Each structure stands twice: as structure tokens, then as C-alpha cells.
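Guided by the hints, dock chain P with the ligands onto chain D, whose structure is given.
Listed below are the residues making up each chain.
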Amino acid sequence: MPKQTFRLNGRTVTVDVHPDVRVLWVLRDLLGVTGPKYGCGINVCKACTSHVNGRGFNPCAVRVGDLAADDEVTTIEGLAGTVDEDLHPMQQAWLDRDVAQCGYCQPGQIMAAVALVRKVRREQREIEDADLDSIRNICRCGTYVRIREAIEQGARAMA
Amino acid sequence: MSAVHRPLDPEAVAPPGVDRRSFVGYVLGGTTLVAAADLALGAEPAAAVPTVPQPAELYDLNDLLTDAARPTANLIRIELHEDGTASFALPRSENGQGVTTSTAMLIAEELDLPLDKVRVTLADARPELLFNQLTGGSNTTISTYTPVRVAAAVARGALLDAAAVLLGDEVAKLVAKGGIVQGPSGTASYGDLARAAASRTDRTVRVRLKDPSRFRVVGTGQGRVDARDAVTGRKTFATDLQVDGALPTMVCRAPTLNGEPRRLRNEAEVLALPGVTDVAVLPFGVAVRAETFGQCIDAVRAMKVDWRDGPVAGMSDDDVVRELRRAQLPLPALPNTPLSRTVETDVLCYFRSNSAMDTNSAIADVREDRAEIWSALKSPIAAQQRIAEVLGLPQDRVDVHVVQGGGSFGRRLFFDGALEAAQVSRAMGKPVKLMWHRADDARVGRGHPMCTSRVRAVVVGKKVVAFQQSHTSIETDYRHGLGELITATAASLPTGLGNLGFAETIFALTQEVPYDFGVVTQTLTETDDRFNTGSMRNIYSPDVRAAGELTVDKIATVVKEDPYEFRRRHLRDERTRAVLEKVAEVGDWGRAMPAGTAQGIAIHKEYKGASACLVELDCRDVQTGRDIRDGVGGPRVTRVTFAVDVGLPVNPRGLEAQMQGGIMDGIALALTSSMHLRDGHFLEASWDNYFYTRQWNVPPEVEVIVMPPTTGVPGGAGEAGVAASFAAVACAYARATGRSPSYFPVNHRDPVEFSVKPYVPPVPPSPVNGLKKIV
Ligand code: FES
Ligand code: FES
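Line order of the protein sequences matches chains D and P.
The numbering used here numbers the first residue of the first sequence as 4 and each following residue consecutively.
The numbering used here numbers the first residue of the second sequence as 19 and each following residue consecutively.
These are computed hints drawn from the structure, not numbers from a lab.
As the structure is a computational prediction, the values presented were derived from the model and not from experiment.
Hints should not be assumed to be uniformly reliable.
[Unchecked claim] Computed beta-carbon distance windows for the label pairs: (1) P:E278 - D:D99: 48 to 54 angstroms; (2) P:E771 - D:D89: 41 to 47 angstroms; (3) P:A107 - D:L90: 27 to 33 angstroms; (4) P:D336 - D:L90: 37 to 43 angstroms.
[Said to hold, decoys possible] Dumping the calculated BS3-like pairs for lysine-lysine here, alpha-carbon to alpha-carbon at most 27 angstroms: (5) P:K228 - P:K191; (6) P:K480 - P:K600; (7) P:K791 - D:K122; (8) P:K790 - P:K775; (9) P:K791 - D:K6; (10) D:K122 - P:K790; (11) P:K775 - P:K791; (12) P:K790 - D:K6; (13) P:K322 - P:K775.
Note that beta-carbon positions come from the ideal geometry of N, C-alpha and C, so glycine has one too.
Same shape as in the complex, but just chain D (with noise of 0.2 angstroms):
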């Protein structure tokens, strides 16, 4: 079997798997890293959203056999990792807005509230209300609300 090498939350991980397996899989079926959810798998839900190379990623949607051993891949489990502490702001934000219902789409939640808080950055701006209405994410236990405030709350804890 073809071994396939990224790294993975900080560390380099080397599978044996076909090329061809989405990462959404490699890493839920093979590396027991069950954050990133599955929700659809056609990169419609959003529930797998994670990060590569710090941009906001769908790893349902990307073939293992296309990343390079040098791709940073970042799930929930390795966010706060990214800014040293226990808690990412994002995650904080969503703990005080008590943000969760059942929780199963909040991985994906958090993890594209970061990368759409880095991506208007980089558009030198801030978010805007039409931001949040452009998430795709789904919630189906109807969370909408208390992400928007969670996601302005920790934009501005955002360095």
C-alpha cells in the first residue's frame, strides 16, 4: 500500500492508504481524529471544515494523495494548538455564548468562523453581516443566532 505523509495538527503523519481516500476519512476511519464530522460528504454541509495551511478546507472533498508531505492540515483538535493555549479565542467565544446544542456541527462551525475571520483580514476589513449570511455550514439544531454573536466576539479576540 502506498504510504501518504502530511502533517497533522503540528506532527508529520504517514498512512498506509490509497491515494484516492478523501482526508475526511484518513483521518476519522484511520487516525481516530473525529473531530472534523461527516455531514454530507459531497462538501455541501460543511461539518468536516478544517484547516490546510491555515485556509478554511473541506476534507471531504480532497483525495489524501493530494496533499504534500509539507501541508500543514489543522482539525479542531489542533486549533488551539495554533495560538498556544487551552482555548482558541473562536472556541472561547463560542463557550460563553454557550453556542452548542447538540455539538455535532460545531467543529465545522468553529473551524470556518477562524478561516472566514483570517480571510476578511486579508481583504484588510472587518466582517460584515452579509459574512455571516455567506456561511454555509448547516446547524440543524438552529444555532444560527448565537454564532453570529460568537463569531464577532471572537473576531475581536482574534489577534
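Just chain P with the ligands now, with coordinates in the frame of chain D:
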């Protein structure tokens, strides 16, 4: 007709000399302290039934769920540990509704222990509890409020007794606070006392519960106990569990709803695919087990299967509508005088999906002589019975572990995933982790049946003299234990109700018209059991209430009254009137609105509580003309004011979250979310097909008001937000557009906004372009 109220304060009806806060509990034998209480404690016997009020006013679904527990009483237990924590296995299921948090609060309150020292887990199936391990009807807190507190009070008492011995002080001189007992001679922590307070034998004790006026935890807003796990990715759902050998497993399903496989033509080819370990043909489809779910998806797509058509092959929405129209009973004759005016409403609600984010899933390890199941189950005993029956095992050889679910909305009252997993594991002779693909969960998973709701009201002068509502629905499946529960309780139901079928009983026990409208009747007719249905969040109420409240608006127009004032004047129940007045005041009812926008107001009364919703809806082009990629914009709710009175809010913060979720559901039901049946199958196979509320539909302003305690006992919360919200949006739509909708959601007959995914293969391919779509 006069309203019949339940007594507001249960203590007020106690016969003189009887202490309503005094209960019997148990200290059970163990190495550390184990306190217990009967799960059937504290259920108020239902009131006697006079003939005039509607059944739900006097004896509702929650009385039935609570009464059903009575004859099958059994113990729930709280254990104290040497690390100073208390643990409790709740015989209910948590799917996001917050019952683990509210239960931990009750224990923390009565035990005088900090909330973070209370651990609430979910109990395995406990067959001895019979009907008392069913999570539904928003009944958890209603039915467990007293027993949980009694067990905690027993534990506290035993700790104080042990502390008295240890410290050499009298119990009366001791104070328990924050997990520490303080006395004149010193202090001892609960951890120190856990062993000393243990009993070698079981003994009965009488305890007195805390006076609610002394509550410090109950009634305060608390964050969810599992919030940190949720935001760090540590919270585990069924598919996150690692069980030895339980490899990913998926099912290839038929191109028509509930079709069956005849044979797999290319088994060898499928088995040769990378990662695949096993294939099995079962009545519901062809299962495949592989190293990863991705490889299961590829294998499902590669399968060449001959299918037998399902029972609704060839049918489309319009066929079902015709069937419903045929099943409708004529509305009874109404008083007809020259001065009377008749107001009519006839709405059709299309099929809707209760698919959660976490699809139907379960782990099963079935051996020759035993089976073990892990799944998010709201009726674990029914699941255990059925799985044992299908596997031909004695019920006590099937261990059923209840796992946290990623949402339920009624879906997890059934155990479709667990039953399938058990059958697949048996067929393959190996443990499996079975997960439904989203496409199946959306198309084949259970949903809310299509229905019509007809209302006719007769108005004489300014008075409503009759109001009748006839609800006709595709059959709602209750074969998940609620059925047995009703059978078991039928004898004790108020006169006449015991003779109704399950569905009619549920309907009669949940629906009521809380207005003073003269002669009121509400009836249910159900037809056709070929669809995969279940009780979606709040069962009949959202549809029934939307049709009812649209009618109330029409009546108000006929009598030339303001819709709010008209409701206020006719409400029979003070709590409902109070929430209505609250939203009108806070939400600025009656403020001037531009053309194309409008307010809508509605109420709902159920789950021993009352709610009211005031929305503002914008139907102008600025909203409906929005260009949203792969999504539906449509009219946008721009402001929501919602008030809820649940009697006693245990956790107002959790309740607010529940109401916000219910509001999102109500918006979706009114405006965007439905299933289209076309040629024997539903079209919607993804979240970009089935339009549950998305961020672009979310109202910019949402305010939820939790009313202060009114009855002193908690009512249900899990579903209470939906009905009034749906109805308020429906009423706002009618007022903004000048047309009272005749079907819901209002966009159902628009051309579908997506390209329909194929049925063969039944699941879409996994994309490969994710690195091009980086944000
Ligand atoms: S599972 Fe990846 S976007 Fe839905
Ligand atoms: S919190 Fe349940 S799906 Fe979002």
C-alpha cells in the same frame, strides 16, 4: 365554555397535614454512597375529566407519558465517588436538547454540590423500566424532576449522617455547601464521606425536598455541561466510537422508496475494490464493509443490483395530495343563521425531512449468542426488543448502549440504523460501524407526513360560535414503543380516549384551541402507511397551529379587529395571554411597516407551557431577488420576538437556545423546507436540496423572553418553539402579500432550485476539487 386550569401550585392542593415536599427514597448497598428514588415519583394524578373542555387541556400527552411510568416504577440512582463527584445515568436520550445539563442542575441543587462535580451519562437500555425509558413529547424534565431531586436529597442526607459520625457533631448543626459539610468541630468533603456514607444493605429513608424559594442553581442560566467537549472536538457520537473490529459500513439502496434488492450482479468485482472486506445482501439493501467510509461510498457506487420496486413506485406529490383529499372527512354541519358568516382555511403541508446532522448510525457487534449495540436511541428498550426478535436472541442477550445523538427532531424515536447494523453484523459475522449516507438519510429517512388541515369557523356578529379543524395526514409511524405505551395506558385514559388509535390519541392529547370560540372540535384522519414517517419535532402542532392561526387572522379581519387585540380578548388561558402581551410589547406590535413587509403574531399552548411569537417578514424584491448560490433566499424574517412560559424554567439559558432552534425550524417549515416526491422517490439528497434554514435566512434580530416561574413545576421545552414560530411566519406572509397561503412551505411549487442527483447509484461521488475551494 369556561377554562379548566390545573392548580398553579401543587402544594396548594395537598390535604391538610400532608407534606408535599416529603418523599421516600433509598440508600442502596455499595462501597461508596448510592442514593436512589423511584422514577415514578411525584407524578400528579391527572384531573378528572369534565366533558366540555378539550382533552389536551386536562390530560395531555405529558400526563400520559408520566402516567405510563407509574405502574412500572423503578429506581434511578445517584452515586457519590471518593473524588467528591456525583454520577448519574439518565434513562433518557440527549440529542442536543440539554437534558444532561438540566438534570445535572437538579442534582447540584438538591445535593449542594457544584455543577461541575456532577456527571450525567446516558443509561443503557434497562428493560425493567418498560415504558419509562422513552424520550419524547418534551417529557424528560416533566417526568424526572421529582425522582432526580429525591435521590439527590437522599444522598445529601446520608452524607450529613456520615459527617455527624465523623466530626462528632449533631446533624442539625451541620451545613452542606459546595460539596463540603461544615460543623462546629470541623469540615469534611463529600469525597471524604463517600465511603463512610455507604450502606451495606438497602434501606428506606424519608427526605424533604428543598423549598423552591431556596433554589440557587435551578432557574439560573447555565452553559451546557458538555460545551467544552463540543468546541474542542472531544464530544463523541456513535460514528466517533472506536469498537474493536467495527469497520465502516454503508448500504446501497433502491432507486424507488423502500424497494428491495433481488441480487447483486457483481459481488466479486465489489469485493475486489480497495479496502472492501465484506458484502451482504439484506432486505433493505446491499451492505458493504470497508477500511474507510470513503471506500464504502465507492463500493456502493460500483454495485450493480437488480431491484424490486418499492410500494410507492411511480407516485408523485400530486398523487398523494389526491389521496389525502379523498380521505378527508366532510366537516360537520355548522349552525347556519342568516346573520352568521363562515371563515374557512384549507392548507396543505408537503412532506418534510427530520434528518439530523448526525445521520442514522450505529455500531453493532453480533455474535452467535449475544449482541452489543451502540446508538443514539430515544426508545432503547423498544430497540432492544426488536433487535432481539430479529436476531432470534433472548432480550437480555442484547446490550444496548445509548450514545449522544447529533440532533433528533423525532428521528431517533426510531432505531432504523441500529436495527440495520445488527442485521448486517449478523450477516457478515463481524462487528460493523454502520452509517447512512446523507443522500439516504434525506431521501429514505423518516420525515413528517404530508397532510391537510382544514378549518371552518362561524362568526355571528363579533362572536365566534364554532371552530372546527379537521386534520388529514399520511400515517405517522408510532411503532417505536409509544404505541405499546398507549396500549398499556389506555385503560387509565379519560373517557373515550382509550378507544382511539395511537395517532388519534396523540392528536387528542396534544391539540387544543386555546381561544373562547364556542363549539370547538379538532379531529384527525390518517391514511396510507407506505411512507417512512415519524413524529417530527412537535408532531402535529406546527401544521395544526399554522392553519388555526391563519384562520384567527381571517376572523379578526371579518370582525374588523386588530389580530393581536382579537387574540388577547379571546384567549382563555392567562399564561398564554401573558406571553402574547409580552411579545406584542417587546416586539412593537402594530408599528408602521413598509409595503411588502408585515408583522405576524401567533400563540401556542402545549407541554404544560405557553408560547407566543411575533415576527417581521420582508417579502420585497430586495430579499426574494437575492442571488444565493445553491440555496433559497426568498422572503426573509427580519425580526423575531418570542416569549415562553414553561412553568418553571430549570435552565433559562438552555431554554432560550431551544426556542431559537424552534424558531429556525418554524421559519423553514413556512418558507423553504420540504421534500418533493417524484416518480416513487424523493428528490432531495443533500443539504443544498433540502433547504433547512441557513445563515442567509436567519433573522438579524431574535429575542427570546423566558417568563419567570408560574406553576413551580417544569414543563417541556424540546419542541415548544416550533408551532408558534411557523404560525407567526405564515400569518406575516399572508399579511405582507395579501394572500393567505394554501400550501407550505410557500416555495414548494416553485421550480426546484437544484439539479436532482441520480438514484442509481444512490449516493453521489466524493468530490476531488476541495483544494480549489479553499477559503
Ligand atoms: S462532510 Fe464535508 S462538507 Fe459535508
Ligand atoms: S448543534 Fe446540532 S447540528 Fe449544530
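Quiz prompt | Violated constraints from the hint list, given by number and in increasing order | solution = 4
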